[in-house]
Amino acid sequence: MNEPDLSDLGALVAVAHTRSFRAAAALRGVSASSLSEAIRRLEARVGVRLLNRTTRSVTPTEAGTQLLERLDPALGEIAGALDALNNFRDSPTGTLKLNVPVIVAQKILPPIINRFLAAHPGITLEIWAIDTFIDVLAAGFDAGIRYDESIERDMIAIPIGPRTQRFMVAAAPSYLAKNGGLEHPRDLIHHACIRHRFASGVVPNWEFERNGKLIKITPKGPLIASTADIGIGAAIAGIGLIYTFEEYLSPAIASGELVPVLGPWWQSFTGPRLYYPSRRHMPAPLRAFVDFIKNTEHPQVQS
Numbered sequence: 268m269n270e271p272d273l274s275d276l277g278a279l280v281a282v283a284h285t286r287s288f289r290a291a292a293a294l295r296g297v298s299a300s301s302l303s304e305a306i307r308r309l310e311a312r313v314g315v316r317l318l319n320r321t322t323r324s325v326t327p328t329e330a331g332t333q334l335l336e337r338l339d340p341a342l343g344e345i346a347g348a349l350d351a352l353n354n355f356r357d358s359p360t361g362t363l364k365l366n367v368p369v370i371v372a373q374k375i376l377p378p379i380i381n382r383f384l385a386a387h388p389g390i391t392l393e394i395w396a397i398d399t400f401i402d403v404l405a406a407g408f409d410a411g412i413r414y415d416e417s418i419e420r421d422m423i424a425i426p427i428g429p430r431t432q433r434f435m436v437a438a439a440p441s442y443l444a445k446n447g448g449l450e451h452p453r454d455l456i457h458h459a460c461i462r463h464r465f466a467s468g469v470v471p472n473w474e475f476e477r478n479g480k481l482i483k484i485t486p487k488g489p490l491i492a493s494t495a496d497i498g499i500g501a502a503i504a505g506i507g508l509i510y511t512f513e514e515y516l517s518p519a520i521a522s523g524e525l526v527p528v529l530g531p532w533w534q535s536f537t538g539p540r541l542y543y544p545s546r547r548h549m550p551a552p553l554r555a556f557v558d559f560i561k562n563t564e565h566p567q568v569q570s
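Residues are numbered in our numbering as their position in the sequence shown, beginning at 1, plus a constant of 267.
For the record, the hints were derived by calculation from the structure and aren't laboratory data.
Each hint should be verified, as a subset may be incorrect.
[Unchecked claim] As a list, the in silico SDA-like pairs of lysine to any residue whose alpha-carbon atoms are at most 25 Å apart:
1. Lys561 with Pro388
2. Lys364 with Lys487
3. Lys561 with Trp395
4. Lys364 with Thr328
5. Lys364 with Gly407
6. Lys561 with Arg433
7. Lys364 with Asp398
8. Lys364 with Asp409
9. Lys445 with Ile503
10. Lys561 with Trp533
11. Lys364 with Lys445
12. Lys483 with Val369
13. Lys445 with Lys487
14. Lys364 with Gly523
15. Lys483 with Gly530
16. Lys483 with Ser545
17. Lys364 with Ala330
18. Lys364 with Ile425
19. Lys445 with Val369
20. Lys483 with Ala466
21. Lys480 with Gly505
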């Protein structure tokens, strides 16, 4: 049997972890067809089918699973050995891949990453803004940014950006003039509400809290949007009330296009955290980013 190429073995790991040729190709910066060819070449060399492929899924065969169990730590050791060369450089080099929520990518990360990249010109930072919860390590990311309730317990997590955030409700002055104000979250039942749908398909309830009392409302309304810009634009046009991160609504409130309502009921929560696995040999780009976050005061949120 001819020895398989290391790059072909890496292709197998990437496809098996993401369960998708397209996703693995995006992470590796190659085409899906080149990955497919790499898997075919690898299977031909070892003489065993390693992946089951259908139009809807890609899963390892029994032989593929056994191979992957030994490949993962072996390839990790190789990556660690190569990364150790960073110790001989004046500054680290390499690629750091982060999986983050859209709100973090848009409103929290920009001032942080600008200063980080200026301090570390040898590092390439790749950011995927995805609201869907995934296993970031299995998908090929070095680390992720999420909120407390979404972070696995075996991860190390450190604060990044604002230490607290809020959801708030707002409406256009024209909408309030026509439909009246609100004194209690229950009043939302009688109003048009602009809702948000996550990539997972979930349309969340609106939650409010005051004096330890939590209230959940299932709002109704004429619009459900998967992007904040569409929802905010509709709210400014007087279509209905909107409930989202304060960072998204602050500019429109400052300009007078929107008016905040139900302020005493706005719910505060802990800000986002950078999380990564507990392991002895942390890749140099990730180590540099963690040290940067720990040693710098968190910047103001970008409006």
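For each hint, the structure was consulted:
Distance hint between Lys561 and Pro388 is fulfilled; the C-alpha atoms sit about 19 Å from each other, no more than 25 Å. Between Lys364 and Lys487 the alpha-carbon distance is near 38 Å, which puts this suggested pair outside the 25 Å criterion. Note on Lys561 and Trp395: the hinted pairing holds, with a Cα-Cα distance of about 22 Å set against a maximum of 25 Å. About 28 Å separates the Cα atoms of Lys364 and Thr328, which puts this hinted pair outside 25 Å; it is violated.
Between Lys364 and Gly407, the direct Cα distance comes to roughly 8 Å. Compliance with the 25 Å bound is thereby established for this hinted pair. Between the alpha carbons of Lys561 and Arg433 the distance comes to roughly 23 Å, so the proposed pair stays at or under 25 Å and holds. Distance hint between Lys364 and Asp398 is fulfilled; the C-alpha atoms sit about 16 Å from each other, no more than 25 Å. Proximity of Lys364 to Asp409 is assessed by CA-CA distance (about 5 Å); at most 25 Å being required, the pair is judged to hold.
For the hint pairing Lys445 with Ile503, the CA-to-CA distance comes to about 14 Å; that is within 25 Å, so the pair holds. For the hint pairing Lys561 with Trp533, the CA-to-CA distance comes to about 29 Å; that exceeds 25 Å, so the pair is violated. Among the hinted pairs, Lys364 with Lys445 is inconsistent with the structure: their alpha-carbon atoms are about 48 Å apart, more than 25 Å. Between Lys483 and Val369 the CA atoms are separated by roughly 24 Å; this keeps the pair inside 25 Å, and the hint holds.
A hinted pair counts as satisfied when its Cα atoms are at most 25 Å apart, and Lys445 with Lys487 qualifies at roughly 18 Å. A C-alpha spacing of about 39 Å is found between Lys364 and Gly523, which places the hinted pair above 25 Å, so the restraint is violated. Restraint check for Lys483 and Gly530: the C-alpha separation of about 16 Å stays at or below 25 Å, so the hint holds. Taking the CA atoms of Lys483 and Ser545, the gap is about 36 Å. The hint is violated against a cut of 25 Å.
Using a Cα cut-off of 25 Å, the hinted pair Lys364 and Ala330 is violated, with the two alpha carbons roughly 30 Å apart. The straight-line distance between the Cα atoms of Lys364 and Ile425 is roughly 17 Å, inside the 25 Å bound, and the hint therefore holds. Note on Lys445 and Val369: the hinted pairing is violated, with a Cα-Cα distance of about 33 Å set against a maximum of 25 Å. Straight-line distance between C-alpha atoms of Lys483 and Ala466 comes to about 21 Å, which keeps the hinted pair within the 25 Å bound.
Restraint check: the Cα-Cα separation between Lys480 and Gly505 comes to about 30 Å, which exceeds 25 Å; the hinted pair is violated.
The structure shown violates the earlier hints numbered 2, 4, 10, 11, 14, 16, 17, 19, 21.
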